[in-house]
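Colleague: Okay, here's what each chain looks like letter by letter:
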Amino acid sequence: MSHSKRSDIFLLDTERTTWHDATLWFVRQKRDKAVYATPEFQELRQLASDIKDHTLSRLDFYLQQFEENARRNGVQVHWAADAHEHNQIVLGLLQQHGATRVVKSKSMLTEECHLNPYLIKHGVDVIDTDLGERIIQLRDEAPSHVVLPAIHLKKEDVGDTFHLHLGTEKGNNDPQQLTETARQHLREKFLVSEVAISGVNFAVAETGSVVVCTNEGNADLGVNLAKVHIACMGMEKLIPRLSDLSVFTRILTRSATGQPITTYTSHFSKPAEGKELHVVIVDNGRTKQLGRPDFRNSLKCIRCGACMNTCPVYRRSGGHSYDFTIPGPIGAILSPNIDMRKHASLPFASTLCGSCTDVCPVKIDIHTQLYKWRQVLGQEGEIPASKKWSMRLLSRVLAKPAMYGLGGKVARQGLRFLPHGLTHGKGYNPWAIARELPEPPKQSFREWYAQQMVKL
Amino acid sequence: MKVALFIPCYVDQFYPQVGIATLQLLEKLGVQADFPKQQTCCGQPMANSGCEQDAIPVYYNFVDTFDGYEYVVGPAGSCVYHVRKHFDIIEQTPAVQHVRANTYELFDFILNILGISEIPGSFPHKVGLHLSCHGQRGLHQANESEMTPVRDGQLKRLLSGMQGLELTELDRNDECCGFGGTFCVSEAGISARMGQDRVADHVRNGTRVLTGGDMSCLMHLEGIVRRAKLPIKVMHAAEILNGAIL
Amino acid sequence: MSSSREKILAAVRANQPDELPLPTVPSFEGDDSVEKFTSIVQGIGGTVVEVTDAARLPEVIHQLFPADYRIASPLLPEANVPVDAQTPIEVLAAVDLAVLQGEFGVAENGSIWVPEANMLHRALPMITQHLALVLDRRNLVATMHQAYARLPSVGGYGTFLAGPSKTADIEQSLVIGAHGARSMVVLLV
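Protein chains in written order, with UniProt numbering: chain C, 1 to 456; chain G, 1 to 246; chain U, 1 to 189.
Think of the hints as simulated: they come from the structure by calculation, not from any bench. Keep in mind that this is a model prediction, so the values were computed, not measured. A couple of the hints might just be wrong.
What the hints assert, rightly or not - A few chain C residues that don't get close to chain G, going by computed Cβ distances all over 12 Å:
1. 117
2. 127
3. 419
Said to hold, decoys possible - Straight-line C-alpha distance at most 25 Å; calculated PhoX-like pairs for lysine-lysine:
4. C/455 <-> G/28
5. C/372 <-> G/85
6. G/229 <-> C/442
7. C/363 <-> C/387
8. G/229 <-> C/426
9. C/189 <-> C/30
10. G/28 <-> C/300
11. C/154 <-> C/5
12. C/33 <-> C/363
13. G/85 <-> C/388
14. U/7 <-> C/30
15. C/455 <-> C/442
16. G/37 <-> C/455
What the hints assert, rightly or not - Heads up, incomplete: computed chain G residues facing chain C, CB under 8 Å, no partners named:
17. 31
18. 71
19. 138
20. 178
21. 193
22. 224
We put the beta carbon where it would ideally sit given N, CA and C, even for glycine.
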């Protein structure tokens with residue numbers, strides 16, 4: 001199903017679309033306020049972009065430097081070429097420790113690898129502990145946003161889910177009380193889990209540390225209570241120096257939610273005494289993207305979600321309309337690298353307004369990459385044949401001024417004299433679903449102009 | 001100054017009055033512009049659909065048409081932006097480079113090439129300004145809310161100079177209207193919803209005349225205004241300025 | 001050395017572009033005043049209490065928290081839950097209040113650097129129901145640039161802690177007290 005078809009389903013609920021749009025616009029406004037209040041914000045964006053560009057250009061060096069320093073710190077480093085190998089490594093570690101109870105904090109990478117279903121299939125009780133993630137886990141849904149995984153749900157939906165799974169009173173939709181219920185429910189899980197899995201926001205090559213940022217404290221609570229901490233990271237999470245974190249911690253949350261920093265910005269360098277810390281470095285298509293010059297800088301992404309919050313299409317179609325782990329504009333440039341055919345409609349799910357590029361804290365030229373993916377898809381034959389042939393025909397007309405002049409005249413006359421019902425048929429004229437066609441004038445500009453020239 | 005008028009294909013066919021207003025406004029500001037009739041389109045519809053290669057003959061037609069002029073001026077930021085940004089896939093001959101560098105959006109031309117920052121005139125209406133993304137974010141003709149809270153821009157300045165003209169203060173100053181070229185039909189549902197939301201912002205804040213620098217966004221918004229039978233008149237800013245100039 | 005490691009590194013080498021320069025990050029300065037720090041901490045849901053004299057700490061804690069709280073702290077003689085790295089989870093889970101030393105605060109975001117050495121147990125700052133961080137008012141820096149400049153090493157584990165645990169995952173409604181501490185007070189000495 002294309003993005004447009006899935007959006008049409010979302011749009012059926014007009015009220016909810018209004019609410020979804022307004023809620024995310026509110027997040028965008030919080031971001032604006034934080035950005036306006038930081039005078040050097042644009043300089044920080046440039047620095048962040050340059051640091052990431054540099055890192056990607058020497059990624060082999062930094063990966064090895066990170067590995068060497070982490071090992072020196074007593075961290076065990078694993079490499080996974082793809083999602084399956086990542087899942088196998090994690091399961092292997094769990095089995096090695098005889099662990100069946102696992103808590104997990106937010107990690108888009110493990111979503112991308114579909115780790116949860118894999119572990120569950122192998123008898124592991126894996127519990128997502130980020131509140132939003134837990135909500136969607138109970139509902140068996142995918143996250144609809146990288147920072148706000150349950151943003152597609154209203155508090156009534158969450159109330160119903162908690163009533164069903166956690167025994168809250170029916171009709172109790174109070175966020176405060178629902179959060180308290182989740183706190184109690186998840187505390188039990190935190191206290192008994194043998195292994196905790198976390199994502200990674202940044203990996204510092206020069207110190208071999210991984211940095212995890214959360215507001216809820218679920219990552220720290222989980223990994224600091226468990227005997228084993230497994231941190232899963234995409235290979236693009238690297239930054240060279242500890243001091244580079246000053247740039248990234250300043251832009252991440254300001255871009256994401258408008259906060260000055262997350263509640264917990266935690267640096268894990270060594271396992272606690274008697275415990276284990278594992279880092280799994282994952283490729284899963286990233287080296288392929290690194291080899292696409294037009295698209296490689298999408299790997300600079302720090303998963304702040306600002307491009308989603310600002311995207312007028314995302315806000316009105318919801319994260320699930322993208323049918324990819326990472327939704328929104330950034331997802332639309334990452335997904336074709338993974339499966340071009342399946343995600344062929346995503347680069348077209350944009351007006352190319354460019355707002356995504358302008359909010360991106362690491363200056364990924366998202367809308368330009370959307371345009372370029374369209375060209376790749378066109379050349380690879382992944383756009384509908386009807387579009388391809390109509391564009392070819394259009395090009396023939398527009399390359400020949402005489403043909404264009406005549407064609408325009410015929411079309412205008414057609415519009416003028418055909419009945420409204422025929423020109424505005426919603427079945428074959430998508431324009432007409434909500435819009436009138438322009439009233440065709442008798443004369444085109446060029447006809448008028450020629451007449452003026454004769455008069456002179 | 002040898003200036004060519006670039007009237008985008010859909011303006012030529014559907015909004016001749018905008019082409020006429022552009023030509024007359026330039027005349028009133030002392031510029032005699034030619035309309036080379038060999039012109040057709042900038043090629044953006046094909047390119048945005050992923051058929052950039054098919055657009056190449058159209059790009060060459062554009063360059064051949066306008067190569068002999070000092071400046072090319074059009075009342076459509078999106079088309080101008082396409083010429084400037086995306087004509088990079090053809091060989092960069094001196095002609096191509098010249099045309100890309102000297103194709104201007106009308107108001108950019110008036111302000112930055114003609115150096116005219118105030119047009120005397122009167123237009124006593126409540127006017128809502130729609131900022132088109134390609135003019136604003138692409139050609140930097142207006143500040144962006146992503147960067148600054150200051151709502152400033154070329155058109156805002158030109159319109160503010162009109163006597164009696166009151167500009168609508170919008171809730172969302174620069175959100176995209178959802179036209180997006182072929183997006184308006186390939187993602188028709190979202191496109192329509194975006195347009196309706198934009199129009200609603202204008203209605204909420206009292207716009208009686210909805211204007212902008214890009215007729216493509218206005219065509220889409222006008223389609224929505226007319227379908228909903230709203231008491232809002234949609235005009236290209238060239239029409240306002242040309243009609244109001246003293 | 002797994003084969004995936006070699007495969008990945010080879011693919012990286014084949015696909016990465018020519019080296020691009022690594023920029024020097026300037027030290028963006030800013031306001032490092034107590035007022036700025038205090039207003040930001042309040043903005044993120046925390047509280048700042050100015051303690052005129054470090055000796056008054058027990059008295060202030062007594063005023064701020066109920067007398068029956070189970071307290072873990074290396075700073076207070078009246079701490080009644082002894083905690084170290086080996087303390088069992090059940091004991092940790094019963095702590096009402098942890099009073100810990102913060103190393104320095106960052107005025108621009110209200111965060112306080114707490115290294116492992118100050119935590120008694122790595123999980124204590126999160127598992128405790130309430131958290132109080134003691135901070136010397138002379139140890140405030142303006143921005144994260146000065147903050148990292150003060151950290152030659154981050155040790156085995158350390159965190160910038162900014163306010164109480166919070167979430168907005170239900171309809172963007174801010175709720176304080178997600179999984180970590182329900183409240184966070186900074187005791188400025």
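Colleague: Please go over all the hints and tell whether each is borne out by the structure.
Modeller: How the hints compare with the structure:
no. : hint            : result
1   : 117             : holds, 31 Å
2   : 127             : holds, 36 Å
3   : 419             : holds, 17 Å
4   : C/455 <-> G/28  : holds, 20 Å
5   : C/372 <-> G/85  : holds, 12 Å
6   : G/229 <-> C/442 : holds, 23 Å
7   : C/363 <-> C/387 : violated, 32 Å
8   : G/229 <-> C/426 : holds, 18 Å
9   : C/189 <-> C/30  : violated, 33 Å
10  : G/28 <-> C/300  : violated, 50 Å
11  : C/154 <-> C/5   : holds, 23 Å
12  : C/33 <-> C/363  : holds, 19 Å
13  : G/85 <-> C/388  : holds, 23 Å
14  : U/7 <-> C/30    : violated, 43 Å
15  : C/455 <-> C/442 : holds, 19 Å
16  : G/37 <-> C/455  : holds, 17 Å
17  : 31              : violated, 16 Å
18  : 71              : violated, 18 Å
19  : 138             : holds, 6 Å
20  : 178             : holds, 6 Å
21  : 193             : holds, 5 Å
22  : 224             : holds, 5 Å
The structure shown violates the earlier hints numbered 7, 9, 10, 14, 17 and 18.
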